[in-house]
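Engineer: Letter by letter, the chains look like this.
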Amino acid sequence: METTTKARGLSEKKKTALSAYLFISPFFILFAIFGLFPMVFSFYLSFFRWDGLSPMTYIGVRNFELIFTDPVFFSSILNTFIIGLMGTLPQIFIGILLAFALNSTLIRYRNTFRTFVFLPYITSIVAVAIIFGVVFNNQPFGFANYILSTFDIGPIRWNAEYWPVKFAIATMVFWRWVGYNTIIFLAGMQSIPKELYEAAKIDGATVGQQIRLITLPMLKPIVMFVVFTATIGSFQLFTEPLIFLGRGLREEGITMVAYLWRDAFVYNSFGTASAAAIVLFFIIIAITAINLLITNRLGRSKKIG
Amino acid sequence: MAKESKEVGSSKFSYQKFFVYLFLISGSLISLFPFYYMFVMATRLNREINQVPPPFAPGANLVENFQKVLSSIDFFGAMWNSFIVASSVTVGTLFLCSLAGYTFAKLDFKGKNILFALILVTMMVPPQLGLIPQYYIITALGWLNDFRAIIVPGLINAFGIFWMRQYISSSVPDEIIEAARIDGCSHFRIYWNISVPMILPAFATLGIIVFMHVWNDFLWPLVVLRDPTMHTLQVALRALNDARQMDYGMIMSGTFWATVPLIIVFLLFNRLFIQSLSEGAVKS
Chain A
1 METTTKARGL
11 SEKKKTALSA
21 YLFISPFFIL
31 FAIFGLFPMV
41 FSFYLSFFRW
51 DGLSPMTYIG
61 VRNFELIFTD
71 PVFFSSILNT
81 FIIGLMGTLP
91 QIFIGILLAF
101 ALNSTLIRYR
111 NTFRTFVFLP
121 YITSIVAVAI
131 IFGVVFNNQP
141 FGFANYILST
151 FDIGPIRWNA
161 EYWPVKFAIA
171 TMVFWRWVGY
181 NTIIFLAGMQ
191 SIPKELYEAA
201 KIDGATVGQQ
211 IRLITLPMLK
221 PIVMFVVFTA
231 TIGSFQLFTE
241 PLIFLGRGLR
251 EEGITMVAYL
261 WRDAFVYNSF
271 GTASAAAIVL
281 FFIIIAITAI
291 NLLITNRLGR
301 SKKIG
Chain B
1 MAKESKEVGS
11 SKFSYQKFFV
21 YLFLISGSLI
31 SLFPFYYMFV
41 MATRLNREIN
51 QVPPPFAPGA
61 NLVENFQKVL
71 SSIDFFGAMW
81 NSFIVASSVT
91 VGTLFLCSLA
101 GYTFAKLDFK
111 GKNILFALIL
121 VTMMVPPQLG
131 LIPQYYIITA
141 LGWLNDFRAI
151 IVPGLINAFG
161 IFWMRQYISS
171 SVPDEIIEAA
181 RIDGCSHFRI
191 YWNISVPMIL
201 PAFATLGIIV
211 FMHVWNDFLW
221 PLVVLRDPTM
231 HTLQVALRAL
241 NDARQMDYGM
251 IMSGTFWATV
261 PLIIVFLLFN
271 RLFIQSLSEG
281 AVKS
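Protein chains in written order, with full-length UniProt numbering: chain A, 1 to 305; chain B, 1 to 284.
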C-alpha cells in the first residue's frame, strides 16, 4: 500500500512493476535465507570440523575422507536405493491396477472403495512407522511373525536382519503411498476420452489389450510424474527408519538422510553431516538428470511412433 | 448409468466383475487392517499383546491406556501445538501464495518469466540438503524451541504460487481488474477486495494440502523443537515410542488418538480432500 502512495508520481507501468516486486518479494527473501543460503553454506561447512558449539576449524577434504571410508555411509546409499525400489515399484504396479479397477464401469460403491484405499495417506508417517513397528516386531507375538508361525516359519528378527529390515520399511512406504498414487492414476484415467474404449470394444479388444494399448500410453505423463515424485520421496526417507530402528539406526536399515541426521544431531559432527548432504545433493542431481533424459526419450519415441 | 450397468452386468462379464470386486475388497482390507489392529492394541494391556497368539479382538483397556499416555506425554498440549503451527503456516501460505500467484497471473513487469521459472526450479531441491545450516540459522536467530522456527521457513511454498497462478489466471477476468484500475484502485486492493473472494475454492484446496503437510511433518520439528512443552504431536509420539519400557498398549493408544481426529476430518470432507490432493498432483 505504501508503495502505491509513494509512487503516485510515477507512470502506471512503473507503479504496477513496483507493486509486483513487492508482492513476490516475500518468497524470494525467505527462500534466500532459509533455502539458498543453507545450501551454499552446506558446501562451506563440509570443509570444516564443527560440533555445533565451539569455533569451526578448517580441515580440507577430511570430512569427505571420513565418510568415504565409513562402510555405513555406503550402506546408507545402497539402502536408500534398495528400499526406494522395493517401496516404489510395487506401488506403481498395484496403483495402476487399483485405479483401473476403481475406474471400471462394472462396480458399485466406487467412492467407498476410493475412500478406504486413500485412508493410509491421511495417517502421519510417524503413526505408520509405529503401527508397522508392532506388526514387524521381532518377538513371536508380532503380527508378521505370528502369521509366519502358522506356516511353521520361525520368528524373524525384522529390525536386525538385512532383507527383513528393508522389507518392513518398504512395506510402510508402500502402504502409505499406494492409495495416493491410485487416486492420481484414477484422475488421469478419468481424463481419457470414453470414446477410445468404446471404439476398442467394437473392434473386439480384450480388457488386457485395452489396458496395454489405450490406458497405459495415455497415462504416460501421469506415470512419469508419479515416478518422479516417488524418486525424490525415496531420497528423503528418514522417519520410517528412525522410528523403526530407534536412534541407533542399524546399518541394515539406515538411509542417507538418516545418516546425515545422526551425524549432526546424535554425534554432533556437523562437518561430516554436511559432506554427506553434499554427496546426497550430487546423487539427486544425477538421478534427476537421468529421469529427465528418460522422460524426454520416451516423449520423443512417442512422437515418432 | 443404470442402463449401462445392466448391459455390462450380463453373465458374460460376471467373472470379470468378481475379480474386480475381489481385488478392490482385498485392497480395502489391506488399507484398513492396520487401523483396526492399532485400535485392538490400544484397548489391550501390554501383557495381553505379548502373548502368542496376539489378540485380534478389542479388549477393555481403552481408557486405562490413554491415561498412561497422558501421564507420560503432554498429549493435548502437543496436539494444540500442532494445531497452532499448522494453522499459522496455512494462513500465511495462503496469503503469500495467492498474492504472488495473482502477481504472476495478472500483473506485467520486467523479468516476470525468469522469476517464475526460478520459483519452479526451487521445487526440485529437497529441503533436507540445507538441514544443518538451517539449524544453524535458527540457533543464531534464537528461534530454537520457538514455533517461528517452523512457521517462517514453512511459508516458502513454490508449489502454492504455481497452483495459485494457474487458478487465478483462469478464474479472475482481466476486464474487472482493468475497470478497477481505471477507478483508481491500488493493486493490493484489487487483489484483496476483488480477486480473493473469487478464488476461495482454491484456498480450500491449497489449505488442505498445506495443513496436512505441516501437521504430519516430522524431521524439521524434531530438529528445532527440543523442549517437550513445545513438541508437536508427531515429535511427542516419537518420544512416547522411544521410552525404555515398551508398553505397546500405551504407544498404540497415543498413536490411535493422534490419528482419529484426522480420520474424522477426512471422512467429513472426503471428496474435497481427495479432489484437492489429486488435482494438486495432476496439475503440476
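One or more of the hints may lead you astray.
[Said to hold, decoys possible] Straight-line distance between alpha carbons at most 20 Å, and here's what the computed PhoX-like set of lysine-lysine pairs gives: (1) K110(B) x K15(A); (2) K14(A) x K112(B); (3) K112(B) x K13(A); (4) K17(B) x K13(A); (5) K110(B) x K14(A); (6) K112(B) x K15(A); (7) K194(A) x K220(A); (8) K201(A) x K17(B).
[As the list claims (entries may be wrong)] Covered stretches of chain A, as calculated for chain B (at least 3 residues, CB under 8 Å): (9) 166–173; (10) 176–184.
Bear in mind the hints are in silico, worked out from the structure with no lab data behind them. These numbers come from a predicted model, not from an experiment. In this text, a Cβ means the ideal position worked out from N, Cα and C, and glycines have one as well.
Engineer: Please go over all the hints and tell whether each is borne out by the structure.
Structural biologist: Verification of the hints:
Simply put, K110(B) and K15(A) have alpha-carbon atoms about 12 Å apart, close enough for the 20 Å limit, and the pair holds. A distance of roughly 14 Å separates the Cα atoms of K14(A) and K112(B); the hinted pair therefore holds under the 20 Å criterion. With a C-alpha separation of about 14 Å, the suggested pair K112(B) and K13(A) falls inside the 20 Å cut-off, and the hint holds. Restraint check: the Cα-Cα separation between K17(B) and K13(A) comes to about 63 Å, which exceeds 20 Å; the hinted pair is violated.
A hinted pair counts as satisfied when its Cα atoms are at most 20 Å apart, and K110(B) with K14(A) qualifies at roughly 10 Å. Of the pairs offered as hints, the one joining K112(B) and K15(A) holds, with about 15 Å between alpha carbons and a cut-off of 20 Å not exceeded. Straight-line distance between C-alpha atoms of K194(A) and K220(A) comes to about 17 Å, which keeps the hinted pair within the 20 Å bound. Between the alpha carbons of K201(A) and K17(B) the distance comes to roughly 17 Å, so the proposed pair stays at or under 20 Å and holds.
Counting residues of the stretch 166–173 of chain A whose CB lies closer than 8 Å to any CB of chain B gives 0, so the stated coverage by that chain is violated, three being the minimum. Restraint check on the stretch 176–184 of chain A versus chain B: 4 residues with Cβ-Cβ distances below 8 Å, three needed, restraint holds.
When held up to the earlier numbered hints, the structure conflicts with 4, 9 and fits the remainder.
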